[in-house]
Amino acid sequence: MKDVWFFFKKELLESWRTYRFMILAVVFLIFALMSPFIAKLTPEIMKMSFGDSLGIKLPKPTSVDSWTQFYKNIAQIGIFVVAIMFGGTMSQELSRGTLINLVTKGLSRWAVVAAKYLCLVVEWVVVVSSAFFVTWGYTVYFFPDSRSPHVVAGFLPLLLFGLFFLAVILFGSTLARNSYGGLLFTILVMAVLYLVNLFKDAQNYNPVSLIGDNMALVQGTKDLAKLAPGMAIAVVATGCLLGGAVAVLNKKKLA
50 MKDVWFFFKK ELLESWRTYR FMILAVVFLI FALMSPFIAK LTPEIMKMSF GDSLGIKLPK
110 PTSVDSWTQF YKNIAQIGIF VVAIMFGGTM SQELSRGTLI NLVTKGLSRW AVVAAKYLCL
170 VVEWVVVVSS AFFVTWGYTV YFFPDSRSPH VVAGFLPLLL FGLFFLAVIL FGSTLARNSY
230 GGLLFTILVM AVLYLVNLFK DAQNYNPVSL IGDNMALVQG TKDLAKLAPG MAIAVVATGC
290 LLGGAVAVLN KKKLA
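Heads up, the sequence shown is in the working numbering, so the first residue is 50 and it goes up one at a time.
Derived by calculation from the structure, the hints in this document are not laboratory data. There's no promise every hint is true.
As the list claims (entries may be wrong) - Taking lysine-lysine and the DSS-like style, the derived pairs with C-alpha atoms no more than 25 Å apart in a straight line are:
1) K154 - K300
2) K121 - K109
3) K51 - K121
4) K89 - K109
5) K300 - K51
6) K275 - K51
7) K271 - K51
8) K58 - K275
9) K154 - K301
10) K249 - K271
11) K154 - K275
12) K58 - K154
13) K249 - K121
14) K121 - K89
15) K59 - K302
16) K249 - K59
17) K275 - K59
18) K121 - K275
19) K249 - K275
20) K59 - K121
21) K301 - K121
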């Protein structure tokens, strides 16, 4: 565990020095602020753009609109920003040869994988949780209604999906020779999961359901327990991907 802690501190420091964490935090903060503001301003923008020629009366925005925007931003853009930022997390270490001295001095390779994953998890939890609470605060302020009674239930699957997604990124980065290869692997995995999601019988077992049914959970039209199969698959797959990353790294030449 000393090896993990040592390399974990090194990863956190590098993330801070390279502004990786800061960039990610700013991007997610923008998403957090955009969600309630877009929901609030869209009707006004439509009125200014079309005036009376629109011909229909726009519905009054609600908290549902704000949370819909939040989950759309994270699921469609946010996770891919994460993939771009973290896609070279292991491949860059291997290409630069920075692990050679550490491993020859006794640092175990599994500790490298564990520490990197732990660092990614900490960064993900901090930025996405911060974005969630900012959105929640502004949503309550702008839309004090009761149409989104289960905001925490909607957020938990997103948080868990992120842990699975980070394992995909780390495995792909360990497998690939460069950051582009790791990013391509992540995109391919997501493409396969979305294709599988086209089959109704497979949807409950698909980790992608964790970022697809959030609004149903927020509004209370779907129970969190129904996502249990997808959550279980995500947890098992995360363990397998991390184990696979260790196995691949053990066979990799560091020079």
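Hint check:
1. With a CA separation close to 18 Å, the supplied pair K154 and K300 stays within the 25 Å bound.
2. Restraint check for K121 and K109: satisfied, since their Cα atoms lie roughly 20 Å apart, inside the 25 Å limit.
3. Taking the CA atoms of K51 and K121, the gap is near 40 Å; set against the 25 Å cutoff, the hint is violated.
4. Among the hinted pairs, K89 with K109 is consistent with the structure: their alpha-carbon atoms are about 9 Å apart, no more than 25 Å.
5. The straight-line distance between the Cα atoms of K300 and K51 is roughly 23 Å, inside the 25 Å bound, and the hint therefore holds.
6. Taking the CA atoms of K275 and K51, the gap is near 39 Å; set against the 25 Å cutoff, the hint is violated.
7. As the CA atoms of K271 and K51 are separated by approximately 43 Å, the hinted pair breaks the 25 Å bound.
8. Our distance criterion of 25 Å between C-alpha atoms is broken by K58 and K275, whose separation comes to about 38 Å.
9. Between K154 and K301 the CA atoms are separated by roughly 17 Å; this keeps the pair inside 25 Å, and the hint holds.
10. Proximity of K249 to K271 is assessed by CA-CA distance (about 16 Å); at most 25 Å being required, the pair is judged to hold.
11. Of the pairs offered as hints, the one joining K154 and K275 is violated, with about 48 Å between alpha carbons and a cut-off of 25 Å exceeded.
12. A hinted pair counts as satisfied when its Cα atoms are at most 25 Å apart, and K58 with K154 qualifies at roughly 17 Å.
13. A C-alpha spacing of about 21 Å is found between K249 and K121, which places the hinted pair at or below 25 Å, so the restraint holds.
14. A hinted pair counts as satisfied when its Cα atoms are at most 25 Å apart, and K121 with K89 qualifies at roughly 16 Å.
15. Distance hint between K59 and K302 is fulfilled; the C-alpha atoms sit about 22 Å from each other, no more than 25 Å.
16. For the hint linking K249 to K59, the alpha-carbon distance of about 44 Å lies beyond 25 Å, and the restraint is violated.
17. Under the criterion of a C-alpha separation no larger than 25 Å, the hint pairing K275 with K59 is inconsistent with the structure, at around 40 Å.
18. At most 25 Å may separate the alpha-carbon atoms for a hinted pair to count; K121 and K275 meet this at roughly 21 Å.
19. Proximity of K249 to K275 is assessed by CA-CA distance (about 14 Å); at most 25 Å being required, the pair is judged to hold.
20. Proposed proximity of K59 and K121 is contradicted: the alpha carbons are some 34 Å apart, above 25 Å.
21. A threshold of 25 Å between alpha carbons decides the hint, and for K301 with K121 the separation of about 38 Å lies outside it, so the pair is violated.
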